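Q: Sequence:
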Amino acid sequence: MTGRRRIRSILLSRLLHRPVRAGALTTGALVACASLAAGCGIVPGATGGSGDDGPITVMTWAPQDTKATNKPGMPAFAKAYARWVNSQGGINGRRLHVLTCNDENDTVAAARCARRAVQEGAVAVVGSYSQYTDSFMPALEGSGIPYIGGYGITNDEFTSPLSYPVNGGQPALLAGLGRTLADSCGPVTLIRPDTIAGDQLPPLLDSGLEAGGHPRSGDQRAAEDATSYSDQAVQALERVTTDVAGRGCVVPALGDRTNTFMDSFRRTRADYPEVRTATVLGSVDQSTIDASGGASGPYEGSYVTGWYPAAGDARWDPMKKVIKEEAFGDNRVDAADAGVQTTWIAYTVFKQVVESLGDGEVSADTVSEALDSGLKVTTGGLTPTLQWDFQDELAAVGFPRLVNANVTLQVVRDGRLVAARKGFTDVTKTLREADLG
1 MTGRRRIRSI
11 LLSRLLHRPV
21 RAGALTTGAL
31 VACASLAAGC
41 GIVPGATGGS
51 GDDGPITVMT
61 WAPQDTKATN
71 KPGMPAFAKA
81 YARWVNSQGG
91 INGRRLHVLT
101 CNDENDTVAA
111 ARCARRAVQE
121 GAVAVVGSYS
131 QYTDSFMPAL
141 EGSGIPYIGG
151 YGITNDEFTS
161 PLSYPVNGGQ
171 PALLAGLGRT
181 LADSCGPVTL
191 IRPDTIAGDQ
201 LPPLLDSGLE
211 AGGHPRSGDQ
221 RAAEDATSYS
231 DQAVQALERV
241 TTDVAGRGCV
251 VPALGDRTNT
261 FMDSFRRTRA
271 DYPEVRTATV
281 LGSVDQSTID
291 ASGGASGPYE
301 GSYVTGWYPA
311 AGDARWDPMK
321 KVIKEEAFGD
331 NRVDAADAGV
341 QTTWIAYTVF
351 KQVVESLGDG
361 EVSADTVSEA
371 LDSGLKVTTG
381 GLTPTLQWDF
391 QDELAAVGFP
401 RLVNANVTLQ
411 VVRDGRLVAA
421 RKGFTDVTKT
431 LREADLG
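Counting from 1, one number per residue, gives the positions in the sequence shown under the working numbering.
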């Protein structure tokens, strides 16, 4: 049924009882929720949330056509997924209507996307990427709209009671990478964006290094939209080659600009002792490796931590079928892209949530209530079974919504990104013991 959405008192309760160290939620969200609880602004119900056979509206956003990180494959795949699921009869007989929005890597644009989701009656934001949670999360929380399967680029995605992450985000990737490098590296330097989101990365990598008895990394800031990183490459090499007894490691985590850094790094490294490189999925994928020269490129031998199995794993075949049928020839949609993979898993979650509601109402409230009630979601082995409990093992270190701390370790071998270790590694213990205060 359409009409007005009931006040989300459960959201206010969770916000007020959140562990102190998880306090990354903005003041704006608290004010919005307090206003709702006082009856100051009841939010209209979502269109597409009716109990009839009307369409179910969701939104997917990501930055496109910017000078920094771009994830055009995420909204493009979301549209392809909608075409595919609708060709199969929809979800419980209801058509899926996907809105898309360009986050533009901009705080104002991110907020605009969230307001549009509210205005157009989205029952969820699914499989999206943005580093501006401070801008968009208050609007979603004020309207009770769940954020399902965000990319995990900010810590706020692991604190909001209306965020339902499907992976461990940057915390898990960097902690897992740090633990791996602790056993094989001398000095380690992290090159990361000089942004608020980038400020969160060094302690995460250090948590893994310290778990392996390794000193902390060198923290090197870089502009996320630079066209050359020659100076940063020189600084990184000088730092990690000071210890002749241990082979240093350089860890670029610059999103789409990682390849730009590696191009500068390749031209500079010949003048220095041999070092190893390592990074995280999302900063590099198979297409990046191919474009940089494959086996003769700068990534050969690099360790890469990811959230999911390698792109060649058979567990991705259902997603690849959707791409083949609905996005064939669309070069924005790459099955090896972590953003596309995350969007597939996020929509897999959303589909199971809607199916769990049967013939009942599909609204922002009922979707989040189903997730909060202990619903277990399976993803075909791409992740462990997902279930979101607000108070979880990582609440004490500020990540109460992080329910999947599994990572995979991959390596670039003969120009191909392949599994370096079988199965998943759970970095929950590493994160739990990290000093992230």
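No lab work stands behind these hints: they were computed from the structure. In this text the structure is predicted, and so the values were computed from the model without any measurement. Errors might be hidden in some of the hints.
Computed beta-carbon distance windows for the label pairs [said to hold, decoys possible]:
1. S87 to R216: 30 to 40 Å
2. Y272 to K321: 14 to 24 Å
3. R216 to G301: 15 to 25 Å
Cut-off 20 Å, straight-line C-alpha distance, at most; resulting in silico cross-link-like pairs (SDA-like, lysine to any residue) [said to hold, decoys possible]:
4. K351 to R332
5. K321 to Q88
6. K79 to A226
7. K351 to N86
8. K320 to K67
9. K79 to R95
10. K351 to S87
11. K351 to G312
12. K321 to K67
13. K351 to G89
14. K320 to A370
15. K67 to T195
16. K320 to I153
17. K351 to K67
18. K79 to T107
19. K429 to T385
20. K67 to I153
21. K321 to I153
22. K422 to L409
23. K351 to N331
24. K429 to T195
Using N, Cα and C, we set each Cβ at its ideal position, and we do this for glycine too.
Q: Look at each hint and say if it fits the structure.
A: The hints, checked one at a time:
{"no.": "1", "hint": "S87 to R216: 30 to 40 Å", "verdict": "52 Å, violated"}
{"no.": "2", "hint": "Y272 to K321: 14 to 24 Å", "verdict": "46 Å, violated"}
{"no.": "3", "hint": "R216 to G301: 15 to 25 Å", "verdict": "24 Å, holds"}
{"no.": "4", "hint": "K351 to R332", "verdict": "23 Å, violated"}
{"no.": "5", "hint": "K321 to Q88", "verdict": "13 Å, holds"}
{"no.": "6", "hint": "K79 to A226", "verdict": "31 Å, violated"}
{"no.": "7", "hint": "K351 to N86", "verdict": "12 Å, holds"}
{"no.": "8", "hint": "K320 to K67", "verdict": "29 Å, violated"}
{"no.": "9", "hint": "K79 to R95", "verdict": "12 Å, holds"}
{"no.": "10", "hint": "K351 to S87", "verdict": "14 Å, holds"}
{"no.": "11", "hint": "K351 to G312", "verdict": "24 Å, violated"}
{"no.": "12", "hint": "K321 to K67", "verdict": "32 Å, violated"}
{"no.": "13", "hint": "K351 to G89", "verdict": "13 Å, holds"}
{"no.": "14", "hint": "K320 to A370", "verdict": "28 Å, violated"}
{"no.": "15", "hint": "K67 to T195", "verdict": "14 Å, holds"}
{"no.": "16", "hint": "K320 to I153", "verdict": "25 Å, violated"}
{"no.": "17", "hint": "K351 to K67", "verdict": "34 Å, violated"}
{"no.": "18", "hint": "K79 to T107", "verdict": "24 Å, violated"}
{"no.": "19", "hint": "K429 to T385", "verdict": "19 Å, holds"}
{"no.": "20", "hint": "K67 to I153", "verdict": "18 Å, holds"}
{"no.": "21", "hint": "K321 to I153", "verdict": "28 Å, violated"}
{"no.": "22", "hint": "K422 to L409", "verdict": "8 Å, holds"}
{"no.": "23", "hint": "K351 to N331", "verdict": "25 Å, violated"}
{"no.": "24", "hint": "K429 to T195", "verdict": "28 Å, violated"}
When held up to the earlier numbered hints, the structure conflicts with 1, 2, 4, 6, 8, 11, 12, 14, 16, 17, 18, 21, 23 and 24 and fits the remainder.
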